[in-house]
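Protein chains: 2
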Amino acid sequence: MKQVSRLLMQMDFIKEIDKLKYIQRKTKLFNSERHENDAEHSWHLAMMVMVLSEYANAPVDMLKVLKMVLLHDIVEIDAGDTFLYDTTKNHSNTDEELIAAARIFGLLPDDMKNDFMAIWIEFENGETNEAKFAKAIDRLEPILQNISNRGGTWIEYNVPFETVYAKIDKIKDGSSFLWDHVDELIQEFRKA
Amino acid sequence: MKQVSRLLMQMDFIKEIDKLKYIQRKTKLFNSERHENDAEHSWHLAMMVMVLSEYANAPVDMLKVLKMVLLHDIVEIDAGDTFLYDTTKNHSNTDEELIAAARIFGLLPDDMKNDFMAIWIEFENGETNEAKFAKAIDRLEPILQNISNRGGTWIEYNVPFETVYAKIDKIKDGSSFLWDHVDELIQEFRKA
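As given, the protein sequences belong to chains D and R, one line each in that order. Basically the numbering used here = 1-based index in the first sequence + 796. Basically the numbering used here = 1-based index in the second sequence + 796.
Bound-form chain D, shown alone (with noise of 0.2 Å):
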């Protein structure tokens, strides 16, 4: 392929991503009324990477999971934002995510197409130090706001603190030192 026509393809795709930015995600940004959107969050899980991978159950490769938190909600552009507690809808590699996610990545040129599918596959499966220390990261940045905005969340949907742990507990397949933070905030914050 010539090196323009390359360049072209790649340009689509980073005018296609700007989408993320008006997908909407239930939660709302620390102390604040205003919904944080796809975008944001992905920006807040990558700093958060920075921060926090010493604490990884496992040594991880840090660009792998930067690579990881910055694309894993771009399928969300067309499949749109499914809320953690929704108990109505499948929650991993559903089919309308994965022709998502062959749309939006098809956009880029075939090597880079099967190089971010790879990553985004490798994330929904959860199984490497990689990706559960990543989906980790995607489950402490809502507790973390949640705690700041009075339940946040778990208050407006009432959401049972059983269903809450049942979702949350994953973080400890990424970080068993965070996920105890983790519990020791929740634990507070329900006796406050």
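Some hints could be false.
The list cannot tell twin chains apart, which means a pair is met if one copy fits it or any two copies do.
Unchecked claim - Think about it this way: if two alpha-carbon atoms lie no more than 30 Å apart in a straight line, the pair counts; the simulated DSS-like pairs of lysine-lysine are:
(1) Lys815 <-> Lys968
(2) Lys811 <-> Lys824
(3) Lys824 <-> Lys987
(4) Lys860 <-> Lys909
(5) Lys815 <-> Lys966
(6) Lys824 <-> Lys966
(7) Lys860 <-> Lys968
(8) Lys822 <-> Lys963
(9) Lys860 <-> Lys811
(10) Lys860 <-> Lys815
(11) Lys822 <-> Lys811
(12) Lys811 <-> Lys987
(13) Lys815 <-> Lys963
FYI, nobody ran anything at the bench for these hints, they're computed from the structure.
Given the coordinates of chain D, work out where chain R should sit on it, guided by the hints.
Structure of chain R alone, referenced to chain D:
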């Protein structure tokens, strides 16, 4: 330092940088009337680094470039966004930005504070291959946005094209290939 007090400092930093989501840039999203904020902007640059690093003039350490673009605007939480074409303001390493960096990165444990500070200063100085490429990408994003917005801030603030060229010329230092493409885009835009 005990590990828990180290974590509490890191958590304070993670909460503090949430404020980057409120810092509005002059530039608007692609084909849009909505201003971009610094957190979204930083995420988009990180994705552009993942997609375009093959065009850097010299090989770059992608992890280093990602860290640079992810944290380069954090000082604006205190110092505010400086519009690229604002002729009344100094654009690099102002006292205000240095004080902001010391305060915000200073929330972190010393080793991490020093590390983040060094990355930010390397970016600001723009001398290493990584800093040159990161700065090229930082210049590139608003050009693409302005072209998609019929001139965007160039028209809104009556910026002469000689001034535009003087400011974006730096893209060449990071990637002469991307510069050639940008030059062509701007020439096409001016003809249209």
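A quick look at each hint next to the structure:
1. Taking the shortest alpha-carbon separations for Lys815 and Lys968, only the inter-copy value of 28 Å comes in at or below 30 Å, while the best intra-copy value is 32 Å.
2. Taking identical chains as interchangeable, the C-alpha atoms of Lys811 and Lys824 lie at most 30 Å apart whether they share a chain (26 Å) or sit on different chains (13 Å).
3. In this assembly of identical chains, the alpha carbons of Lys824 and Lys987 lie at most 30 Å apart only when taken from the same copy (22 Å versus 44 Å across copies).
4. Taking CA atoms no more than 30 Å apart as the test, Lys860 paired with Lys909 passes in both settings, with 16 Å inside one copy and 23 Å between copies.
5. In the homo-oligomer, the alpha carbons of Lys815 and Lys966 lie at most 30 Å apart both inside one protomer (29 Å) and across protomers (28 Å), since each shortest distance falls under that limit.
6. Proximity of Lys824 to Lys966 under the C-alpha cut-off of 30 Å is restricted to the intra-copy arrangement: shortest distance 22 Å within a copy versus 38 Å between copies.
7. For a Cα distance limit of 30 Å, the shortest separation of Lys860 from Lys968 qualifies both inside one copy, at 20 Å, and across copies, at 28 Å.
8. Taking CA atoms no more than 30 Å apart as the test, Lys822 paired with Lys963 passes inside one copy only; the shortest distance there is 16 Å, against 39 Å between copies.
9. Taking CA atoms no more than 30 Å apart as the test, Lys860 paired with Lys811 passes in both settings, with 23 Å inside one copy and 24 Å between copies.
10. Both within a single protomer and between protomers do Lys860 and Lys815 lie at most 30 Å apart by alpha-carbon distance, with minima of 23 Å and 26 Å respectively.
11. Taking CA atoms no more than 30 Å apart as the test, Lys822 paired with Lys811 passes in both settings, with 25 Å inside one copy and 18 Å between copies.
12. When the C-alpha separation of Lys811 and Lys987 is checked against a cutoff of 30 Å, the pair qualifies only between copies, where the shortest distance is 22 Å, while the shortest distance within a copy is 47 Å.
13. Taking CA atoms no more than 30 Å apart as the test, Lys815 paired with Lys963 passes in both settings, with 28 Å inside one copy and 27 Å between copies.
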